[in-house]
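A.B. asks: Chains A and B, in that order, give the protein sequences. Sequential numbering from 0 applies to the first sequence in numbering that gives the first Met the number 0. Sequential numbering from 0 applies to the second sequence in numbering that gives the first Met the number 0.
Do not take every clue at face value.
Unchecked claim - Not everything, but these chain B residues come out facing chain A in the computed CB check (under 10 Å):
#1 ILE15
#2 GLY156
#3 TYR202
#4 ALA210
To be verified - Listed next, the stretches of chain B that the computed footprint assigns to chain A, with coverage defined by at least 3 CB atoms under 8 Å from CB atoms of chain A:
#5 172-181
#6 214-223
If you're looking for bench data, these hints aren't it; they were derived computationally from the structure. Note that CB positions come from ideal geometry on N, CA and C, so glycine has one too.
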Amino acid sequence: MWSAIKRLYHQLGSPKWFYELTSRWSPWFLWIGSTMMLVGIVWGLAFAPADYLQGNSFRIIYIHVPSALLSQSAYIMMAAAGLVGLVWKMKMSFVVGKTIAPIGASLAIIALVTGAVWGKPTWGTWWVWDARLTSMLILLFLYMGVIAIYNAIESEEMANKAAAILSVVGTINIPIIKYSVEWWNTLHQPATITLTKKPTMAPEMFIPLMLTIIGFYCWFAVWVIARTKNEILWRERRTKWVKSLLSTGENQ
Amino acid sequence: MNSQSFIKAIFKRDFIIAFRNRGELLNPLMFFLMVASLFPLAVTPDPKFLGLIAAGIIWVGALLATLLSLDLMFKSDFEDGSLEQTLLQPQPSILFVMVKIVLHWLMSGVPLTLVAPILGVMLALPNGGFEPLMLSLLLGTPILSLLGAIGAGLTVGLKKGGMLMPLLILPLYIPVLIFAASSVQAGIDGNSYVGHMAFLGSYLALMLVVAPWACVAALKISIAR
Chain A
0 MWSAIKRLYH
10 QLGSPKWFYE
20 LTSRWSPWFL
30 WIGSTMMLVG
40 IVWGLAFAPA
50 DYLQGNSFRI
60 IYIHVPSALL
70 SQSAYIMMAA
80 AGLVGLVWKM
90 KMSFVVGKTI
100 APIGASLAII
110 ALVTGAVWGK
120 PTWGTWWVWD
130 ARLTSMLILL
140 FLYMGVIAIY
150 NAIESEEMAN
160 KAAAILSVVG
170 TINIPIIKYS
180 VEWWNTLHQP
190 ATITLTKKPT
200 MAPEMFIPLM
210 LTIIGFYCWF
220 AVWVIARTKN
230 EILWRERRTK
240 WVKSLLSTGE
250 NQ
Chain B
0 MNSQSFIKAI
10 FKRDFIIAFR
20 NRGELLNPLM
30 FFLMVASLFP
40 LAVTPDPKFL
50 GLIAAGIIWV
60 GALLATLLSL
70 DLMFKSDFED
80 GSLEQTLLQP
90 QPSILFVMVK
100 IVLHWLMSGV
110 PLTLVAPILG
120 VMLALPNGGF
130 EPLMLSLLLG
140 TPILSLLGAI
150 GAGLTVGLKK
160 GGMLMPLLIL
170 PLYIPVLIFA
180 ASSVQAGIDG
190 NSYVGHMAFL
200 GSYLALMLVV
210 APWACVAALK
220 ISIAR
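Next up, chain B with everything else stripped away, as it sits in the complex:
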């Protein structure tokens, strides 16, 4: 089997599995919507004030929703033993991990990005903020998936992995949060947010190089356990 058909096979299998469990696919999205709607209830429904913190709420919600869905990245594969078999294949494991990361992004990052403008309207996000919000989510959520894959790989075999992963991964998410949320602020103030996007893009490029490698190493440790 050459690498191309290897990638195709994994893609196909995971897509089928994902669409047979559509409920699981929707859960992080529902979580995202619920977290975001807690803030007006807890803080204030005043649109002026909500507009100030809307970008922050949406981004924090996206971080938490991503974390929630990360747990499932390798779990079922680990439990039925197919993870071990896939890593034993002659094809480079890094391809498998890359496919998994892309799939995770397609199933969590992309839906979050698409739902975000609706939340922006509900949270009274000022007009200039929508474009940077969408762009920052588009560039930022793949970083979340990449970094998260490392955490998922490290904790996949653990019974108490669910609580451990946020502890490992959240500190690494901070730069994304800072630049993404402030790009929205820059957009609202009418300033250029090209610099923020450039930062997110370069961080994405760096993590594309580092994260799959680290994730493979982590998975190999986890299956040897």
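The following block holds chain A by itself, in its conformation from the complex:
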């Protein structure tokens, strides 16, 4: 088992292997993710019962919660990738970290926008300085900082390392920011899903939500893989395998 993990790690470290392995994984993520999304969205939007308090407006949860959840874990993934790159000097890891940054930022924007749309009918306002909204906004700022550093530093290698340091420092601070903001002000309903407690939602609402969350994660994987493959092709454009791959038209 351990040696298999080690082999996989070394294979993923090589751009060529990474390209080939993830090309094989990507369709699985795509199809599983799409099925989950389709079932989850149709179930959630058409068949799940309306909320007794919020009516049909709660249905935006099927976009809002997955994107909010994923944008937070994407930051951790980006920092983990950066840390692996810094510690074990693994170049592919930096590439993955770099491709995650804009995806995570857009997920944070989706979460904020859907949150605002949801807030209007339920709280009567687009924006309140509530703890969870504010910490999502700060998360977006943290993403923007990382993206800004990629844009500001011309040398690819330096930019990767600098962004990795920043995202690791940011990750140490995320729980502190989150709890300090929570302590500061809370209006948002408590988290819908926690790992430790039984869901407070009815199962007819909860299962589609789980499906859309899994779907979001799978689509996220597809997206990251596609962007990373693109980056690999560009970086390795002078190598033989990329040239032969592109000339025979076998690029998926």
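Start from chain A and add chain B according to the hints.
C.D. replies: Below, chain B alone, put in the same frame as chain A:
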């Protein structure tokens, strides 16, 4: 050269440089005073209202003034090449970075803390607020210097670093701002603010461990550029 004389040498050199450029030392302080005096002009001179937002104004001013002075932390050393030489020394670079952070705090955080009560009087801060304001600045400004050192290290070699640094560092300053400003509010309301100070203290302890390390890593990237 042992570590002790290494630390002493850097301290001495930087103190001399700082006191030969006294103007630069005063600039952040002047900025702090000016920012704070903009608020009564822009919002209202009514003391009742100003008293409510005084702590917030002072703390936001302190954040911005610190950011302004951070730019100079490693800049001149980087430009004349001494940064690279110092990092190449056999002595651990973390000592050098720690000395730089302490110096930055002595030259920005401490003066800001000392000036703050005067601003508090000008902004009609209620009586109970002065003690927590001073204490929170005393505990909070070293955190600003520590976190800021990471940003300064990351942006030192960049031409457009001045605008980039606030973008990187300000989100990390938010917990300090929240706890410091609310400790002042607690003091004004007559409540205990021990919890706020405990939070600031523990955050300071954590950053003392994390920030110098990250700053060294950042500097090593910057000089390799």
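A.B. asks: Evaluate each hint against the coordinates.
C.D. replies: Outcome of the hint check:
no. : hint    : result
1   : ILE15   : 31 Å, violated
2   : GLY156  : 9 Å, holds
3   : TYR202  : 7 Å, holds
4   : ALA210  : 8 Å, holds
5   : 172-181 : holds (count 5)
6   : 214-223 : holds (count 5)
Hint check: a violation occurs at hint 1 only; the rest are consistent with the structure.
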